Amino acid sequence: MCSLCGILGVENHWTDAVARPGVFSRNDETRSRRLERARRIRLANRVLAAYRLQLGDWQGRAYLLSTATGKTEVIDSLAHLWPAAEQLSGRSFDPLDPDLLSRLTARR
Amino acid sequence: MSGHPGFIPVNLLTGFLGSGKTTLLRRLLQDPSLAGAAVLINEFGEVGLDHHLIERIDETTVLLKAGCVCCTIRGELSEAIRDLHSKRERGLVPCFDRLVIESTGLADPFPILSTVRADPVLSSHFTLGNVVATVDAATAARQTLRRPEWLKQVASADRIVLTKTDIAAPDAVAALSAELLALNPTAEAVDVHGSSWSAAWLMAEDAATGDPLARRPAEEHGEPHGDHDHHPRAGQAPDQNQGHGHHDGHGHGHGHGHGHGHGNRHDPNRHDATIHAFSVTLDRPIDWTGFGIWLTMLLNRHGAKVLRVKGILDLCGEERPVAVHGVQHLVHPPVHMAAWPAGPRQSRLVFIVDGLAEATVRASLETFMALADDMPAGEAAA
Numbered sequence: 001m002c003s004l005c006g007i008l009g010v011e012n013h014w015t016d017a018v019a020r021p022g023v024f025s026r027n028d029e030t031r032s033r034r035l036e037r038a039r040r041i042r043l044a045n046r047v048l049a050a051y052r053l054q055l056g057d058w059q060g061r062a063y064l065l066s067t068a069t070g071k072t073e074v075i076d077s078l079a080h081l082w083p084a085a086e087q088l089s090g091r092s093f094d095p096l097d098p099d100l101l102s103r104l105t106a107r108r
Numbered sequence: 001m002s003g004h005p006g007f008i009p010v011n012l013l014t015g016f017l018g019s020g021k022t023t024l025l026r027r028l029l030q031d032p033s034l035a036g037a038a039v040l041i042n043e044f045g046e047v048g049l050d051h052h053l054i055e056r057i058d059e060t061t062v063l064l065k066a067g068c069v070c071c072t073i074r075g076e077l078s079e080a081i082r083d084l085h086s087k088r089e090r091g092l093v094p095c096f097d098r099l100v101i102e103s104t105g106l107a108d109p110f111p112i113l114s115t116v117r118a119d120p121v122l123s124s125h126f127t128l129g130n131v132v133a134t135v136d137a138a139t140a141a142r143q144t145l146r147r148p149e150w151l152k153q154v155a156s157a158d159r160i161v162l163t164k165t166d167i168a169a170p171d172a173v174a175a176l177s178a179e180l181l182a183l184n185p186t187a188e189a190v191d192v193h194g195s196s197w198s199a200a201w202l203m204a205e206d207a208a209t210g211d212p213l214a215r216r217p218a219e220e221h222g223e224p225h226g227d228h229d230h231h232p233r234a235g236q237a238p239d240q241n242q243g244h245g246h247h248d249g250h251g252h253g254h255g256h257g258h259g260h261g262h263g264n265r266h267d268p269n270r271h272d273a274t275i276h277a278f279s280v281t282l283d284r285p286i287d288w289t290g291f292g293i294w295l296t297m298l299l300n301r302h303g304a305k306v307l308r309v310k311g312i313l314d315l316c317g318e319e320r321p322v323a324v325h326g327v328q329h330l331v332h333p334p335v336h337m338a339a340w341p342a343g344p345r346q347s348r349l350v351f352i353v354d355g356l357a358e359a360t361v362r363a364s365l366e367t368f369m370a371l372a373d374d375m376p377a378g379e380a381a382a
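Protein chains in written order, with full-length UniProt numbering: chain A, 1 to 108; chain B, 1 to 382.
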């Protein structure tokens, strides 16, 4: 379910596409799905750290996005991560922002 | 037939007011390859063929919640397609094998495509095929080019059909061809009066499942327009392929090395100078997770300005290339291509953007890819 608008069944995000012939996905078997999910969380956290947000897993089915003060949102996929992050933090998350890119480079 | 077995392909026929959509549709429906196609048009039916299904869709748009563009669903379009599918399953209408949607001349293609992709029922039965746009060669230069809807329609197109070329000045057709190529280098354009195209080629789904850059500009191979394939560039008869004028910003050759690219820019004095296309190449395998995080973040903030993104990815751990296609906020499920196309093995993305700087987009992608590079593939624990 889309946590932002409440519509049911909107889960087939392109980054996590349902495996079917011809479609590239790492959502095709349990191990690769878990590995991809864990890697996604870790990498997203490198970006989110610049905004003092943190992403975690929730039973392998959803994500928990939290602020430093503990305010938390449940999201289903990357499609909802950035709108939810902007909503929680009240800030704009712009990957073209030179300041963000500088901070990401400095953290390497 | 379908790129995804079991799914019914949906083709969108778009184009500005009076650009000849219905005329083209009427012609296409006479072709045997589309004998099994159902048709949805959003104006009162003009193509009354007994064995085809024509329903009317109005322009009602349901905005579920501001900011949740992934779930933008055009309510009555969704209901109309669901109803058609239900009738098909119950045997009340012929078992159509394709759906063609003719949009209004002022429609932005994105909500229509998004409806098919985001609606939980439709996405289980239908898959998006090529977007076909008609462009009126006789009036485009002086009228419709100034309309943002026109630009979005052309930028979203996989195939462009130039209409009314028989009453347009050859010079104007050639100039328009160059304009279209600059605006959307990933689309292939044909003359409606030409013989180099077929209904089956036009209304296919190869743009979403095949090589997304197969129709890249001829200049990148050091060839003049139209000489490299079977389909002449927009509006060009074979004898018009040579020397048809201004190509400022074209013909730079390949961009080599990590993150190099080049643009296909318009005349900067034009009204639409902010809309331009450019490509970015990456010479080493890239991380899928990092790419997904970057593109979702980019589209969340700038999706309305990313009119189109298409590309081939050389992903870490994958032997075969992966094709990605996106229109504004909508990205198709990525597909595995059968093999690498000729040329160097590299990731290559073509962007058609409105007001975004090429250097900024490239720098951002490089930064995110470098961030992912710092995290080895086996390092997954949070």
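If you are wondering where the hints come from, they were derived from the structure by calculation, not from laboratory data. Predicted, not measured: the structure shown is a model, and the values here were computed from it. Note that the Cβ used here is the ideal one computed from N, Cα and C, for glycine as well. Mixed in with the good hints, there may be bad ones.
[Claimed, not checked] A few chain A positions that, by computed beta-carbon distances, are all more than 10 angstroms from chain B:
1) N12
2) T30
3) R39
4) A44
5) W58
6) A62
7) E73
8) L88
9) G90
10) S92
11) D94
[To be verified] For the chain A half of the interface with chain B, some residues (derived, Cβ under 8 angstroms), not all of them:
12) L81
13) L104
14) T105
Comparing the hints with the structure gives:
1. N12: At roughly 6 angstroms from the nearest Cβ of chain B, N12(A) sits no farther out than 10 angstroms, so the non-interface label is violated.
2. T30: It holds; T30(A) is separated from chain B by about 14 angstroms at its closest Cβ, greater than 10 angstroms.
3. R39: Label violated. Min Cβ-Cβ 5 angstroms, cutoff 10 angstroms.
4. A44: violated (6 angstroms)
5. W58: Fine: 12 angstroms to the nearest Cβ keeps W58(A) off the interface.
6. A62: Correct as stated: the minimum Cβ-Cβ distance to chain B is 15 angstroms, above 10 angstroms.
7. E73: holds (13 angstroms)
8. L88: holds (13 angstroms)
9. G90: About 13 angstroms separates G90(A) from the closest Cβ of chain B, which puts it past 10 angstroms; holds.
10. S92: violated (7 angstroms)
11. D94: violated (5 angstroms)
12. L81: Cβ of L81(A) sits 7 angstroms from chain B, so the hint holds.
13. L104: It holds, given that the least Cβ distance between L104(A) and chain B is near 5 angstroms, below 8 angstroms.
14. T105: Nearest chain B Cβ about 6 angstroms off; hint holds.
Figure legend: structure checked against the earlier numbered hints; hints not met, in rising order: 1, 3, 4, 10, 11.
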